[in-house]
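Listed in order, the protein sequences are those of chains A and B. One gets this note's numbering by counting positions in the first sequence from 1 and adding 3 to each. One gets this note's numbering by counting positions in the second sequence from 1 and adding 32 to each.
Please keep in mind that the hints were generated in silico from the structure rather than gathered at the bench. Don't be surprised by glycine CBs; every beta carbon is placed ideally from N, CA and C. Errors might be hidden in some of the hints.
[What the hints assert, rightly or not] Straight-line C-alpha distance at most 16 Å; calculated EDC-like pairs for lysine to aspartate or glutamate:
hint : chain 1 : residue 1 : chain 2 : residue 2
1    : B       : Lys191    : A       : Glu109
2    : A       : Lys107    : B       : Asp192
3    : B       : Lys223    : B       : Asp242
4    : A       : Lys36     : A       : Glu114
5    : B       : Lys223    : B       : Asp234
6    : A       : Lys31     : A       : Glu114
7    : A       : Lys31     : A       : Glu109
8    : A       : Lys108    : B       : Asp192
9    : A       : Lys36     : A       : Glu109
[Stated by the list, open to error] Covered stretches of chain B, going by a simulated chain A footprint (3 or more residues, C-beta under 8 Å):
hint : region
10   : 179 to 186
11   : 194 to 200
So you can see what is in the structure, the chains are spelled out below.
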Amino acid sequence: MEWFLQYHYNYLIYVVLMMIGLYGATAKPNLVKKVIALGMFQTAVFLFYISMAVKKGGTAPIYWEALREGQPYTNPLPHVLILTAIVVSVSTTAVALALVIAIKKEFGTVEADELGEFEEL
Amino acid sequence: MIAPHLPALIVVVPLVAGLVALFLGRGHLPWLLTLLVTWAVFALSATLLGRVLVAGAPPVEYAMGSWPAPWGIVYRVDAVNAFVLTIVSGIAAVCAVFARLSVAAEIPAERWRFFYSAWLLCLTGLLGITITGDAFNLYVLLEIASLSTYTLVALGVQKDRRALTAAFRYLILGTVGATFLLLGIGHLYMKTGTLNMVDLADRLAGLQSDRVVLTAFALIVTGLGLKVALFPLHMWLPNAYTYAPSVVTAFLAATATKVGAYMTFRFLFTVFGLRVTFDFLSADVFLIGFSCLAILVASVLAIRQNNIKRLLAYSSVAQIGYIMLGLGLHNHASVTGAVVHVFNHAVMKGGLFLALGAVVYRLGGATIGELRGLGRRMPLTAAAIVVGGMGLVGVPATAGFISKWYLVAGCLHGDAWPLAVVILVGSILALLYVWRVVEALYFAVPENPSLPVREAPLALLVPTWVLIGASLYFGLHATFTVATAKAAAVALGVGE
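Using the sequences plus the hints, can you model the full thing?
Encoded structure:
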């Protein structure tokens, strides 16, 4: 356990952040807060990917001298993947906020419980 | 020159067209482009299907940018995804014909180009998910499809402002689902060091029970469950289908959840493999359990609905249950049934929602009250609804019967006759909700007899009847669909 906390605490942080995000995205009544929480939820996953790429004492894979001396390097692929996922996340936030603005204009509120009165279930 | 690049063109053509559509002004030009592109993509997909179905032919592979697998992204087309590609592009092509009048009636003219742009991007995403052989590429295309879907649903705002809240709810749940999938794919990469699906399957096959793989499995199945709307993760679906523009509902109901079902097949059967999925993780237990709940609960909920779009949306949740039931049983007959139901349900539900689109075009809504007495005033549209509804029940000589036949055969083959009973009860419940519609159409007096209502224009009737006619045709001549579904089942590793 101590070993886990010392070397893998970022995995713990990602899970905690992710669960806060999931809670907020589903339980918070305010739509803007939902969007913020959704962003947190996605960012936690980025943290997971980046943590996974780390190698102890690893260098960036572009330092040729270090690599030639046999120093290990950090896996660049998860970084590239997450760059794509960040773009996706930004687009999602943009679409979500655009929807929130449209909802505010149409209904005059961004609180889910007030909006619920308009919804047919 | 084109032939070797056929798989890439299926995705690239709608992607570029989606961008071009934005610059075609406010007239009908974006629609014309969409029409041309969808039919072209349909032709390309059908060609590809023909190439894959040749007996003994290997899967068609295409390395993007000539980077070979497993380093580059490859497209890999076998009988399963060639079939789904043809379904998706075919439905898109038929819906595109329907779209001009329906969209003109439901969406203001200055938004048409945005609508068609989003639609083409959505098509790009759905086709890309289906064709790709790379797990991360699948996630990216899934988000392309989803983001454009949220926009398409929200564009129903002029007809009913609740389209916005429906789209927002879909966005939250859809993003949570996709992010679970992303996390699951990350776990797979952490364990195996690869993202190529074939490569993943190879490396996972050698593993015994492993906690990282188990976590990845749980995350991916939850994510996919949200995307296919497997009960009880279907909460986003009824509102999104009810308030989206009519043609979008038809397109999504016929394609989006089908592509989700394809992803589930691909991950569970190809990537994790039958041995890991069913022998080690016993996924069949909860897949079958939730499928039965989906069939029973969603059908009961459908009976109570007054808005027919919502009624059919709940029916969709039930029909997804049938597909997942066939998947969970994982024998040759049941998987054949599930794959053929992907096709049959796409055709039936697409046709039904297009028929409702025609009703909305004439009457402005599609509640049970508005349908009253429509059998005499819009005879052809009403007949289409009846024939499509019979397909949902599974009456012989409709396509729905073929799927249920194979699903029941799969239940009996797997010594699970109680599941056959669930399918029969589901069919009876379907009969009840379809009967409510039929009763309103033919045995009720119109709410407002003085209102002049004419039959829908040909531009709406023809695409509706193309799909409804196809559901009859493939109910009587099921050789092609069943043979393709069998080839797909074999490609998924479930031989006879």
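These are the hints, each one checked on the structure:
Among the hinted pairs, Lys191(B) with Glu109(A) is consistent with the structure: their alpha-carbon atoms are about 12 Å apart, no more than 16 Å. For a cut-off of 16 Å, the pair hint linking Lys107(A) to Asp192(B) stands: about 15 Å separates their Cα positions. With a C-alpha separation of about 9 Å, the suggested pairing of Lys223(B) with Asp242(B) holds against the 16 Å cut-off. Between Lys36(A) and Glu114(A) the CA atoms are separated by roughly 10 Å; this keeps the pair inside 16 Å, and the hint holds.
The hinted pair formed by Lys223(B) and Asp234(B) meets the criterion: a straight-line CA distance of about 13 Å does not exceed 16 Å. Note on Lys31(A) and Glu114(A): the hinted pairing holds, with a Cα-Cα distance of about 9 Å set against a maximum of 16 Å. A hinted pair counts as satisfied when its Cα atoms are at most 16 Å apart, and Lys31(A) with Glu109(A) does not qualify at roughly 21 Å. Among the hinted pairs, Lys108(A) with Asp192(B) is consistent with the structure: their alpha-carbon atoms are about 14 Å apart, no more than 16 Å.
Annotation: proposed proximity of Lys36(A) to Glu109(A) is violated, straight-line Cα distance about 19 Å (limit 16 Å). Only when three residues or more bring their CB closer than 8 Å to a CB of chain A does the claim for the region 179 to 186 of chain B stand; here the count is 4, and the claim holds. Given as covered by chain A, the region 194 to 200 of chain B passes the check, having 5 residues with a CB less than 8 Å from a CB of that chain where 3 are the minimum.
This entry does not satisfy hints 7 and 9, going by the numbered hints stated previously.
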